[in-house]
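Engineer: If you read the protein sequences in the order shown, they are chains A and B.
Heads up: the first sequence is residues 0 to 640, going by numbering that gives the first Met the number 0.
Heads up: the second sequence is residues 0 to 166, going by numbering that gives the first Met the number 0.
Please note that a few of the clues may not be correct.
Claimed, not checked - Partial selection, computed: residues in chain B whose CB lies under 10 angstroms from chain A:
1. Phe-13
2. Phe-41
3. Tyr-70
4. Thr-89
5. Pro-110
6. Val-126
7. Ser-127
8. Ala-131
9. Ala-133
10. Val-139
11. Lys-143
Calculated from the structure, these hints are not laboratory results.
Every residue, glycine too, gets a C-beta built ideally from N, C-alpha and C.
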Amino acid sequence: MSKIFEELTREVVNTPKVPCREFIQAKLGLIELNDEKKKLAEELSTIYRRESGIFDCQIALCKGTGCQSSGEIALWNRIDEILKEKGIRDRVNIVETGCRGFCEMGPLVEIFPQHIFYCKVKPENIEDIITKTVMNNEVIEELLFDGIPIAEEIPFYKKQVRRVLKESGHINPENLNDSVVHGSYQGFLKAIKMTPEEVVQTMIDSGLRGRGGGGFSTGLKWKFTKASDSAKKYIVCNADEGDPGAFMDRSLLEGDPHKIIEGMMIGGYATGADEGYIYVRAEYPLAIHRLEIAIAQCREFGILGENVLGTGFNFDLKIKQGAGAFVCGEETALISSIEGKRGMPTVKPPFPSTSGLFGKPTSINNVETLANVPLILNNGVKWFREVGTEKSAGTKVFAMTGKIRNTGLVEVPLGITLREIVYEIGGGLKNGANFKAAQIGGPSGGCLNEEHLDMPLDYDSLKAAGAMVGSGGLVILDDKTCMVETARYFMSFTQSESCGKCIPCREGTGRMLEIMERIVAGRGTMNDITLLEELACTIKNASLCGLGKTAPNPVLSTLKYFRDEYIAHIQDKRCPAGQCDALKRYEIIPEECRGCSKCSRVCPVGAISGEIKKPFVIDQDKCIKCGACFEACPFNAIKVG
Amino acid sequence: MAKTETVQEPLRNFAKVKEIIEKFGTDRSALIPVLQAIQGEFRYLPQEMLSFVATAMGIPQAEVFGVATFYAQFSTQPKGKHIVQVCDGTACHVRGSSEIIKKFKKDLQIPEGSTTTEDLYVTLETVSCLGACALAPAVVVDGKVYGNVNFDDVAKIIMSMKESDNE
Chain A
0 MSKIFEELTR EVVNTPKVPC REFIQAKLGL IELNDEKKKL AEELSTIYRR
50 ESGIFDCQIA LCKGTGCQSS GEIALWNRID EILKEKGIRD RVNIVETGCR
100 GFCEMGPLVE IFPQHIFYCK VKPENIEDII TKTVMNNEVI EELLFDGIPI
150 AEEIPFYKKQ VRRVLKESGH INPENLNDSV VHGSYQGFLK AIKMTPEEVV
200 QTMIDSGLRG RGGGGFSTGL KWKFTKASDS AKKYIVCNAD EGDPGAFMDR
250 SLLEGDPHKI IEGMMIGGYA TGADEGYIYV RAEYPLAIHR LEIAIAQCRE
300 FGILGENVLG TGFNFDLKIK QGAGAFVCGE ETALISSIEG KRGMPTVKPP
350 FPSTSGLFGK PTSINNVETL ANVPLILNNG VKWFREVGTE KSAGTKVFAM
400 TGKIRNTGLV EVPLGITLRE IVYEIGGGLK NGANFKAAQI GGPSGGCLNE
450 EHLDMPLDYD SLKAAGAMVG SGGLVILDDK TCMVETARYF MSFTQSESCG
500 KCIPCREGTG RMLEIMERIV AGRGTMNDIT LLEELACTIK NASLCGLGKT
550 APNPVLSTLK YFRDEYIAHI QDKRCPAGQC DALKRYEIIP EECRGCSKCS
600 RVCPVGAISG EIKKPFVIDQ DKCIKCGACF EACPFNAIKV G
Chain B
0 MAKTETVQEP LRNFAKVKEI IEKFGTDRSA LIPVLQAIQG EFRYLPQEML
50 SFVATAMGIP QAEVFGVATF YAQFSTQPKG KHIVQVCDGT ACHVRGSSEI
100 IKKFKKDLQI PEGSTTTEDL YVTLETVSCL GACALAPAVV VDGKVYGNVN
150 FDDVAKIIMS MKESDNE
C-alpha cells in the first residue's frame, strides 16, 4: 500500500508527521484544484484514512485521562524503544488518540491494519505485541477482551450507536490534518452555503435537544438569539461539566475538539455571533490543552479568525477556565463567571438569548449538543432522526459508572431501555451482584429502581419518573449501596454548591441535609419524612435557578421508590445495605472466635470482654461502631450487620 | 532536608503579580484568570495580593475578595507543597472514596478541621468530580491521576509523593 502512496505523493506529501498545508486547504475548499488534482486529493485522503500515512502499521494508544492514569505514557516510551530496537520505527506510526470510552479496561491499544484491540496493556506486553502482532499478524489471546479481537465486536461497543464519539479514539486530536481527513468542517462548509434562517430551521427540524440537562430545543434557542437585534452577539460552549459522575464532555473535548469548534462556528453563523467562548472546568487540564492546540491550528489555517475559509464570515474563539463552582453550569451563572464576577444566577427573563454575556444576545450550548450540530448539517435531518424517539431524536452519551462490570462512556439511541444499557452494554453488575437502582442525571436527577429497567430512556419518560436525562451521568448501584446515604450524599453536594443567593435553596438544602444526616445517624423520626417532603416542595417551587429547583430530586425519588429503607433507618435503627456507620452492629461469631483477645485490646472504649481461648462478646451499649475490632480480628470472626 | 525548605513561604513578589496583570489586562473579565495565575504562582491568594489586584485593576476590594472566596479553586489559606486531591464524586463515593479520604487524613497527619499539615508539606482536598469516574475511586497527586485506588494503595501513593522530593 505504501507504494501506491509514494506514487501519489510525488506531487503532494501529506503524512501525520508532515501535514501538507495545501492538502488541508484543498480539502477545505480553500484553493481551487483542477479535476486531476481533486482526484489525487481524494485518493490521498482515502489512503491517509486507511493507513494514516506511509506507515505499514499503526499503533493507536488511548491518551484519555483514564488510560493516562493507568500508564499510557510508559507504554508509548516502551513501544518507541522496542520499535527502534527492531529497526522498524520508521515503518510504524504511533498515534495518541482521545478517550475511547472503555476506561475500565485501560490502557487500550489498537493495532492497524490488523484491527486488533488490546486491553489492560502493560509495558511488559509491548515486546510481544510488536514481535507477534505487528510483525507476524499473530493475536495475543490474553490481552483480548473476552477473546474478541475487534473492538466493534465487543458487546460494550456493539450495541452502541457511536455518532458523536465516532472519531474520538480514532483520530489524533492534536492534529488538524487528521480531523480534516475524517470530515471535520464539512458541516460548516454546508452551513455557510445556506442562509442562517435555513440553518436554524434545519436544527429545529432535527429535533435536537440540549444534551446538558435542560433538554430545550437547540434550534429554538438559536432562533431566539438570531431574532434579537444587536450588532454584537456571542455563542458560548458550556463545558463546565460539574455533575459528579459525568465525563462525556471531557472525553469529547479531549478526543475530538474540532467537532466542538465546528459546532460553535455553525452556531455563530446561524445566530449572527462572531465571537465564542468555551467555558471549561479547570479540573480538566488535558481538555484545555487540546482545545488550545486545536484553536491555534484553526487560526493558522484560516478556519478561525477573519474571513473564515474565504467565506467572508468572521469568527473567533476564546477559552475561559472555570474555577470550581457547580452552579456555573447554570447559564446565567456561567455568564457572570465569564464576566469575572461571582458565579451567581440571575432572574430569567431576560433570557441570555436577548441579554446574555456582556449584555449582548448569547446562545449557550452544551458540548455534546454542539458536537451533534456538524453531524446534522453533514448527514441531514432524516439521518439524525433515524435513531431515537419522536420527541427525543438522536443519540445520547451516558457515563456509566458505579457497581457495573464495564464502566465507561456509552453512546446509545435515546429511548433505549435501562436493561439494554446495564446488561448488554454494561455486562451486568460487578461480581454478579443484584441490580438495585440507577442514579441518573447527577445531583439534579433521581434514582430509578428495578421496575424502570424496561422503561425507555428519553427526556419525557425520565421526567415523568422523577429523574432526568441531565448531563447523562448513570451510576449503577447494587444492594450493598444504601439509598438513604446516597440521597444524603447528593444533598450534601448541592448544599455546599448552593451559591447562597436565594433563600429557599440556601436555607432549604441546609435543613434537608440536617434531616438526612439525622436519619443516617439513626436519630430520625417518622415526622422527618413529612418534613423532608414539605421542604422539598418549597425548594422546588421557590428557588431561583435550576440548581435549587432540582436539588430535592434525589431525596424525593428515593423516598418514592425506596421508602422502606428510610423507615428501616428510622424505626428499626437498621441500615438494610449495611453501609451506614452509625447503624452498623458488630458481633462476634462464637464458632469462629478463638479467644485471642486481639479485639478487646484494640477496642477504644473497652466494650469487648471475655476469657482467653473462649469466645469474646461485644457490649452493644458501649460499642461506638468504630470498626477497630473488625479490622484487627485475624480469624474473620466479627460480622457487621 | 526537603521538609524544612517547604516551610518557607514564597516571597511576596508584587513584581510577579504586576506581570500577571499586564499579561491579562485590567478588564473586569480578566479577574478570574488573574487570580488563577496568582494562585498558580503562590499556591494560594495572600490577602495583600488581593488588595494589590483590586487597586491595580480598579475593582473594589470587596468584590475581588468576593470572587476569591466564591470559587472552590481559590484558597486564601496557604497550601502545602504537595496537593492530594481525592475525588468524592458519585462514582467514587459509591466505590468507597470516604474510606480513602479517612486513610489519607490519618496517614498524612492532617489536623482535624484543617486541610494542610502544620509544616505546609501537603494539602488534602476532596473534589467533587475529576471526570475519571471509570477509574473510581480516583486520586490526583500534584496533577498525576491514580485510578482504582484501594485502601492499601494510599501508603504507596504517599511514598511516591515523598520520593518526588528527591528528584
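Engineer: Checking hints one by one. Is B:Val-126 an interface residue toward chain A, by the C-beta closer than 10 angstroms rule?
Structural biologist: Interface hint status for B:Val-126: holds (7 angstroms vs cutoff 10 angstroms).
Engineer: For the hint on B:Pro-110, just tell me whether its beta-carbon gets within less than 10 angstroms of chain A.
Structural biologist: Because about 19 angstroms separates B:Pro-110 from the closest Cβ in chain A, which is outside the 10 angstroms limit, the hint is violated.
Engineer: Can we keep the B:Tyr-70 interface hint, with Cβ of chain A closer than 10 angstroms?
Structural biologist: holds (4 angstroms)
Engineer: Tell me if the interface restraint on B:Val-139 is satisfied: Cβ within less than 10 angstroms of some Cβ in chain A.
Structural biologist: With Cβ-Cβ at 9 angstroms, under 10 angstroms, it holds.
Engineer: Identify whether the interface hint at B:Thr-89 stands, where standing means a beta carbon of chain A within less than 10 angstroms of its own.
Structural biologist: Cβ of B:Thr-89 sits 4 angstroms from chain A, so the hint holds.
Engineer: Would the hint on B:Ala-133 stand, with a C-beta cut-off of 10 angstroms toward chain A?
Structural biologist: It holds, given that the least Cβ distance between B:Ala-133 and chain A is near 3 angstroms, below 10 angstroms.
Engineer: Taking the closest Cβ pair, is B:Ala-131 under 10 angstroms from chain A?
Structural biologist: holds (5 angstroms)
Engineer: Going by Cβ atoms only, is B:Phe-13 closer than 10 angstroms to chain A?
Structural biologist: violated (21 angstroms)
Engineer: Tell me if the interface restraint on B:Phe-41 is satisfied: Cβ within less than 10 angstroms of some Cβ in chain A.
Structural biologist: violated (16 angstroms)
Engineer: For the hint on B:Lys-143, does the least C-beta distance to chain A fall short of 10 angstroms?
Structural biologist: Given a least distance of 8 angstroms, the restraint on B:Lys-143 holds.
Engineer: Does B:Ser-127 meet its interface restraint, that is, does its C-beta lie within less than 10 angstroms of any C-beta in chain A?
Structural biologist: holds (5 angstroms)
This entry does not satisfy hints 1, 2, 5, going by the numbered hints stated previously.
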